[in-house]
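One line per chain: the protein sequences are A and B, in this order. Just so you know, we're using the working numbering here: the first sequence kicks off at 1 and counts up by one. Just so you know, we're using the working numbering here: the second sequence kicks off at 115 and counts up by one.
Certain hints may be false.
[Unchecked claim] Derived DSS-like pairs: lysine-lysine, alpha-carbon spacing no greater than 25 Å straight-line:
1. B:Lys181 / A:Lys61
2. A:Lys61 / B:Lys136
3. B:Lys185 / B:Lys133
[To be verified] Residues from chain B that keep clear of chain A, each with C-beta distances beyond 12 Å, as calculated:
4. Gly130
5. Leu157
6. Phe178
7. Lys181
8. Gly198
9. Thr228
10. Leu230
Since the hints were made in silico from the structure, they are not lab data. For every residue, glycine included, the Cβ atom is placed at its ideal position computed from N, Cα and C.
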Amino acid sequence: AQSVTQPDIHITVSEGASLELRCNYSYGATPYLFWYVQSPGQGLQLLLKYFSGDTLVQGIKGFEAEFKRSQSSFNLRKPSVHWSDAAEYFCAVAMYSSASKIIFGSGTRLSIRP
Amino acid sequence: DTAVSQTPKYLVTQMGNDKSIKCEQNLGHDTMYWYKQDSKKFLKIMFSYNNKELIINETVPNRFSPKSPDKAHLNLHINSLELGDSAVYFCASSQGPTSGTYNEQFFGPGTRLTVL
């Protein structure tokens, strides 16, 4: 069965520092891959997605993610974080045959140090 | 001009009660979803409706019954509430076919259900 692993439960970075959130997936083929952000008390917002093609995808709010097939990873990056980036980040996958059924990782909480 | 709205935002109730959560979307989408987010932030799909037809039904107790009166609404009714039902329930909607292509899901703000 497909699964998504986010090994970091909580990460704290200083404002202006770079960020990388890790995500690994388990699936027989290349699934659709996503990163969502959930701000406190809010619903989820799609940051970016990967289906095929260029393995480096750009998203909203200055985020990017890189798909590495050999490592089954889809890590999220941002070169310089802002205090407003503090939120919960979810990596997710969906199968081609059932693209609307999204499987979410357990989330990584990002805190920003002033 | 909220895209996906849910009511109520908070719901506190006693064990054994029956309650409903409502979801409405004004995006013109034809597919709607219910997700459950537990206390550890784990988010899992429960149901999905496409054009008022149930297309995803995960292993959810039959105390949970979704109802879609039209494409813009998907309500969630829960019978005989249990302590373990306490969670945040998210509604979402998307447009288009459900296999072979992905159409972005837009999420509502969530309903925090607390069962005492």
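Quick rundown of the hints versus the structure:
Among the hinted pairs, B:Lys181 with A:Lys61 is inconsistent with the structure: their alpha-carbon atoms are about 36 Å apart, more than 25 Å. Distance check on the hinted pair: A:Lys61 and B:Lys136 sit about 31 Å apart at the alpha-carbon level, beyond 25 Å; violated. Pair hint B:Lys185 plus B:Lys133 holds up; C-alpha atoms about 22 Å apart against a cutoff of 25 Å. Under the 12 Å C-beta cut-off, the non-interface status given to B:Gly130 relative to chain A holds; the minimum distance is some 28 Å.
Non-interface call for B:Leu157 relative to chain A: violated, since the shortest CB-CB distance, roughly 4 Å, does not exceed 12 Å. Every Cβ of chain A is farther than 12 Å from the Cβ of B:Phe178; the closest lies at roughly 17 Å, confirming the non-interface assignment. Look at B:Lys181: its CB is around 19 Å from the nearest CB on chain A, clear of 12 Å, so calling it non-interface holds up. Chain A leaves B:Gly198 outside its interface by the beta-carbon criterion, the shortest separation being 18 Å against a cut-off of 12 Å.
Under the 12 Å C-beta cut-off, the non-interface status given to B:Thr228 relative to chain A holds; the minimum distance is some 15 Å. Non-interface call for B:Leu230 relative to chain A: holds, since the shortest CB-CB distance, roughly 21 Å, exceeds 12 Å.
Of the numbered hints listed earlier, those contradicted by the structure are 1, 2, 5.
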